[in-house]
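If you read the protein sequences in the order shown, they are chains A and B. Under numbering that gives the first Met the number 0, the first residue of the first sequence is numbered 0, with each subsequent residue one higher. Under numbering that gives the first Met the number 0, the first residue of the second sequence is numbered 0, with each subsequent residue one higher.
For the record, the hints were derived by calculation from the structure and aren't laboratory data. Honestly, I wouldn't trust all of these hints.
List time: in silico SDA-like cross-link candidates among lysine to any residue, alpha-carbon distance up to 20 Å [as the list claims (entries may be wrong)]: (1) B/K540 - A/N263; (2) A/K61 - B/R542; (3) B/K446 - A/P64; (4) A/K284 - A/G350; (5) A/K54 - B/N56; (6) B/K540 - B/R356; (7) B/K352 - A/R224; (8) B/K316 - A/A38; (9) A/K3 - A/R28; (10) B/K540 - A/K3; (11) B/K540 - A/T220; (12) A/K3 - A/G17; (13) B/K203 - B/D23; (14) A/K61 - B/S445; (15) A/K205 - B/D134; (16) A/K69 - B/E147; (17) A/K3 - B/H305; (18) A/K284 - A/L351; (19) B/K540 - A/R265.
Short derived list, chain B residues pointing at chain A, Cβ under 10 Å [said to hold, decoys possible]: (20) A43; (21) T50; (22) I53; (23) Y54; (24) I64; (25) V66; (26) Q141; (27) E169; (28) F256; (29) D262; (30) S318; (31) E431; (32) A435; (33) K540; (34) S541.
So the derived label-pair ranges between C-beta atoms look like this [said to hold, decoys possible]: (35) A/L49 - B/W30: 23 to 29 Å; (36) B/C271 - A/N19: 41 to 47 Å; (37) B/L14 - A/A38: 28 to 34 Å.
Glycine is no exception: its CB is placed at the ideal position from the N, C-alpha and C atoms.
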Amino acid sequence: MGEKLTRTQLKNLERFGGVNPADEPFSRRQFATQVGGYALLAGGTVAGGLLLRDKWGMEGVKPPPPVRLKSYSVAVPVSKPSLVVVRSAPVLAEQFTSKELELQAREDQAFGMVKAALESMGGVDHFITRGDVVVIKPNVAFDKNPDLAATTQPDTVAAVTRLCLGAGARKVIVCDNPINNPESCFFKTKVGEAAIRAGAELMLPKDSYFEDLYVGGETITGTWRMLYRPFREATKVIGISPVKDHNLCKATVTMKNWYGLLGNPRNQFHQNIHGIISDFALMMKPTLVIADGRKLLMRNGPTGGSLNDVKRGDTMVVGTDHTAVDSWCVSKLLERSRSDIIYLDKVIKRGLGQDWRPQWTQEITV
Amino acid sequence: MVKIRRAYEVLFLGLFLFFLFITDLRYLKGWPVSLFLEATPLVAVATALTTHTIYRNLVWGLVIIAVTMMVGRVWCNWMCPFGILHHFFGWIGNRRNTKQMIEVNRYRKIYSIKYYILTAMLVMASLWIVPTVIDAPGEILQAYRGSELPQTGVSRVFAAVGAGISRSAEMHKLSNGTLQIGLLDPIALTVRSMTTSVLPTVHKATESVYTEPREYWQAWIVGLIFLGFLFANWWIPRFFCRVVCPLGALLGVFSRFALWRIDRDPVRCTDCDLCLKSCEGASDPQADLRKSECFVCLNCIEDCPHDALTFRFLPRKASEIALPAVNRRALFLSGLFGLYFFPMTRLSGGVRKNFQRTVIRPPGSVAEDEFLRRCIKCDQCIRVCPTNVLQPALFEAGLEGLWTPIMISKMGWCELNCTLCSQVCPTGAIREISLAEKLGVGPFESKGPIRTGTAFYNRGRCLPWSMDVSCVVCEEVCPVSPKAIFTRNVEVTSRWGGVIELKRPFIDPFRCIGCGICEHECPVKDDPAVYVTAIGETREKSRSLLLGLVEGEAQDLISV
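Extracted from the complex, chain B is given alone in its bound form (with noise of 0.2 Å):
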């Protein structure tokens, strides 16, 4: 059995490395390579609690929570690729004897911990169920006093329960409510870590992996995180999986209702301990199995030398202890801290008031709250992005948007016929967008272009603006049609008294998409005398700048 867990790791992480080596425009073609990221339960569970809805492929998430449901936590052993990074690097490192394994891989308190990371994260995202159960009453009776219900009698009060709970559900989802299981999701981080450290690491050692070498802004951050994850599997074996992981928590509360574990023989056993000897999960095999910590890694069955374990259909129930082993008080402490989290970090203002200039977000982006209700931060998007123009913000979208993608013009550009970053995202923050819906023709063009920003001069830089020296790059490779930068002829007295031509540059705000190529190419390079701001992008109303380019209808972005 064990060596069929090992073909399984094998394959799994083969594939995960796999899927992330061809997130690439030169070999994506149609392979699904959000598959892992749409197959974890905790990205289902928690989009769904913050957009009420299950974005597309996220299904998978609950297809591991029945397999869960019926065998355990297989996920953590054979499939997660980060448990399985774990689980190698564990071994690599690993220079205890016998007795010395069995003493580390006794359960501990602190693996509870990350069931009170689960809470305050899932409290996070279900915040509007306050205020929604305060208004609820209210519309209760507004639906029921008004004329959209056709019921009457005993049914109508029961439409109206139904109407006005949902109604003020749907009033509160919006802006009360913020995502951040990315931050500790193993897939998501792995991704992540791999993306803006691993892979550009990997390029500068063998040149293989891309093109041209890629940066990520700050990203040695995530790479510490990743690696110190890493190595902490030296100190406890299985750290992230075993303290940390919010998933492998979820999971733990869905392995109750297992109808296989393992079961110990009380006579067989003859309290060796053997088996703990290389237990991933530290789930107590050698009494009553903690079974919402086993990984089904099936090692005991292999380690005990009396054949006193086994995997079992439906074994007794005395010999069980089915739920996680959590402190009511840390429970409800760490739920309190996810209520007070979120209107903490939101009522920073840089979603709204003081939203930021250089937060621009890939085209497709949905309006900024529900983009940060979205986004799992696990940068797919960056790392398909042919241009390294997206990368990951530290603070710039206020610390909700740790690690979501913006663009950062200096880094690359917008390419103008190029939607790959929307069609890898695997929930919906970056929706998927077709080129005709990008660049407005077609059936969109009386939508126009998605506009992710808007260009401006900083003329006191710009060398025909202030130093008499002709340029104009940005008005070659504006790639709008007609081009969004325009230029206009003077004649200028030259410091020595000639005449010279000059053809300055200017923004056409109607024109300009805010791909920031401009910015890019502008030889002005430190500090760009061209440069996109975020205002004016289409994806927010309240974003706009031109009335002319405001967007008329409610967008109904389904029947397009």
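Okay, chain A solo, but in the shape it has when bound (with noise of 0.2 Å):
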């Protein structure tokens, strides 16, 4: 300090011990950790920025790339057939005491059912194997009590658990995205409990469940809001589905079960119904379909809601193709003609599916 300082100056001086602290220049230590850690710091704050700037503009709305769905579908063994319908004796409420033991008998009908159709398709273990996970997709669109018969069986959905974990599946999971509330209508549906009381891991639609899948169809010419969680693990699927009417599509069978897949706005696919369901037979090859017609919604479709609208049907019917399945059930068990389907018309068109015919066809009784 060469010039003259003042007397208060003076004074801070001699507080200091007669050295200026501000006088002493930075050590090396300090410029090596500033500006060293400066030039990192900053150069890595404009390198980190120019790793995720987007440069066109648009890496942050596109979407993840679709995903797809792969074939589930199983072949049946050369000379059996690949569709079975099952009769059985009705089991009717008067036979029983209680209503536990008519539930009881009720599921252990849908079990020997299905059982046998699949023994003379070439065995359970033919379709399901050690260490699959299955996707069961029952038809729950409503929240209306079983008896209604617009909704899948629970005892089927029970007993089809019990099938796949008995022939050493991994994993159960059964699924679907309803048009009313999910919890309301697996509850009163009972699917939901059923499902879990024999062993199957029951998932509900939840947002973050969906994702775009490619179809590349007719409607869905590009991809869709689909519930796919499920189908990331699945190595088999089975889709149960009521025999029912519907409103616009005639017939509620096998292969509009599926719409339950996908995600909104789905509604507008009224706007070509028979388009979005012929769809369905490119967008999902299943294991095996089931419809069960032991309760028949003859009319009022797709909701029912009057017992009066229902009918007894006492018959199973297993297939590979839901074409096939749901070209029988509509003609020999919901009294349609069949020219009346054009969704199935549009699928054997497209050549996705085929008629069923009787040399592939075996009726038996249990």
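Got two chains here, each in a separate frame; can you build the complex from them with the hints?
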């Protein structure tokens, strides 16, 4: 400090012991840490920014690549039927002293029917092998009592779950994206409870479980939101559906059942209902489909709501091709003219499925 | 030095006002008018949190951060137009004597409020981290078990961790986070205030800004807030910058690394406190410098009678307070508020289930959820819109969407051959579209035009439909070819028994693009007989109306 200091400043200097701390130059170490640290940080910030930089502006809104569904189908052994119709004497309420016994008998009946059908198709083990993850898609679109036949029967879901687990499946997932409230639907159709009791995992349609699925069909020309999460790990897929009337497409059986996997705004598909249902034949190649025709909803579909609309069918139809199963059910169970079901014609015309034929079909009674 | 700074202040404020003025169809040309909005680091940081990307030129913000880490918050007193306005306003309104000025520039505890505001806003933008962390273990496990990763052994573990976390983040960034920094970011706030209240007011006085005066729905609120912040300088100088500004807070955090700073020579200093007289940041230059508060205005150096203050390279660590003085509990609480704010506002339903028919976004806007994660409410799109149709929303788009742009067709219409708003958007909330893409011609033929909504008739108010009067102005102005509005000729028996022929208009929803010119031109002015609502807009699949118009492919907006 060359210049002359005032008295106050001299006093300050004295307080510091004669050395002005501000005069000390920075140490080499301080220089290295601060300047080096700065260079690292600033470089890191700008480099990180350039790394995250969205040069064309749209990386951030680019959707993830769409998922695709693989084929889950298993060919039936040679000389075995690909469609089996099982008939059974009805389980009537008056035969039982308690409701529990009746329900048990119904489940045993469903188990017996599906098992018998699969036996004649080559055995359960032919379709479900050890370690499989099986996705079961019931139709629980509405929160209705199962007796109203608008939804899949819970005992069938339980029976199929038990069959799969018995055949060595690692996991069975039961899922649907219903029209009515999902919790309510799985609860009131009793499907949720039946699935859990039989040992399946119940998967409710959470928002984050949906992904863009590539379909590339006639109505879904590109992709659509789909409840894809269960299919991430699935190795086998089984659709279990009721056999019922539908106000627009005339019949809901196993193929329309896949509608329940789509996300919103799926109600737009009513602008081309036959096109969308025929797209399901392209979208989904299931291992098995099961049409539970023990109860039939003959009119007022797809919601039903009165026992007067329900008819006894005492039949279970199991097959590997949903086209053939649906075709058999609409003409033999729902008493529709086959020509009314336009979506089946579309499927066949597009070469995505084949109509049922007597030589591939077997009818048995248990 | 102070003179140089003043020159910079004039330069940057001038540049800002120049850009603001030429954000207009007549003058825009190729000027980089979004430069200031792109240079604010807060926008870069916050949009990086919400979108996981940094949109195009927002990297400028990181350059500003790098500069701040070298020389401190120079942005605040040399470049920021709002800061410069405050500086100017405080100077105009100053009636204090030297003693009072010294007292008013001492550091106060309330100056830490800006850090709490910043915390809350950044937490709002990063809520997705919570579900990402919760879901990450499951995703990592799945990635490890799955067949997608080629690695084996230990490297597989690392790859699975990376893949799992990114997958989880990708899944949850959607609809988990909101961008609210625009409310208080100084540049966004200034552009918004200028656009919707100052410029229209200037035009009223001088009739020199627009060809036709602009009106903005309820913009007086924006104007009052702007004025309020300016007048607050008379109470506390640089009130906004010291107390409120979240950008200042962000830069304050980064300025801890600054290599240069104001340094006080403790021997030369006689504790006269004169350095406080015009200290802009209230950063205590008379004691240990509060590095995070200093605006690097350099006034203190000029004011010191003993040359005890210097702007110095690597001064002693002991004579500075490097980090902002924040209360940890208050910081925690503000983070908690940020965490709570997003679900609270989003769950009021305005974005998805109960989306409002009046929220008609300009063409090129991304899906609403993504829009709210990108829009900083700077309203530059509103500034450039040539027809006045773009308006700052109040609560139409929810609390989150305050002052985001919506189209009010009674105010104007979306000009068919115009994509200006998409060109000036700094963050990609309105992504840049070409005219060909907007109109759906050329390479976009198969995708069809961009639709912003669909028009409907209110037949009870339509002249030919309900009053036996010929009209169809709507058909006349419908700009698409073939027209989306068509007519059917009818012969009706008039009230007096004669026969009159009328053309009654209809909408072809496959043609309508929702531009709103029919609504704007409808002679039933107060409640037009033809009106546009948001349904059918192409930016979001879930808002489509007709199956035939649903975007088939997952929109790949880059390769087209």
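For a C-alpha distance cap of 20 Å, please report whether B/K540 and A/K3 respect it. Given pair B/K540, A/K3 is violated - Cα atoms ~79 Å apart, limit 20 Å.
Against chain A, with CB atoms and a cut of 10 Å, does the hint on B/Y54 hold up? 5 Å, holds
Would the hint linking B/K316 and A/A38 be met if the CA-CA limit is 20 Å? 18 Å, holds
For a C-alpha distance cap of 20 Å, please report whether B/K540 and A/N263 respect it. 9 Å, holds
Within a Cα-Cα threshold of 20 Å, do A/K284 and A/L351 meet the stated pairing? 10 Å, holds
Does the CB of B/V66 sit less than 10 Å away from some CB of chain A? 9 Å, holds
Check whether the Cα positions of B/K446 and A/P64 lie no farther apart than 20 Å. Judged against 20 Å, a Cα distance of about 19 Å means the pair holds.
Does the Cβ pair B/C271, A/N19 satisfy 41 to 47 Å? 18 Å, violated
For the pair supplied as a hint, A/K3 and B/H305, confirm whether the alpha-carbon distance does not exceed 20 Å. Given pair A/K3, B/H305 holds - Cα atoms ~11 Å apart, limit 20 Å.
For B/K352 and A/R224, compute the direct alpha-carbon distance and say whether it is at most 20 Å. 17 Å, holds
B/L14 paired with A/A38, Cβ distance criterion 28 to 34 Å: For A/A38 against B/L14, whose Cβ atoms are near 30 Å apart, the range 28 to 34 Å holds.
Starting from B/K540, check that the Cα of A/T220 is at most 20 Å away, please. 13 Å, holds
Of the numbered hints given earlier, the model fails hints 9, 10, 32, 36; all others are met.
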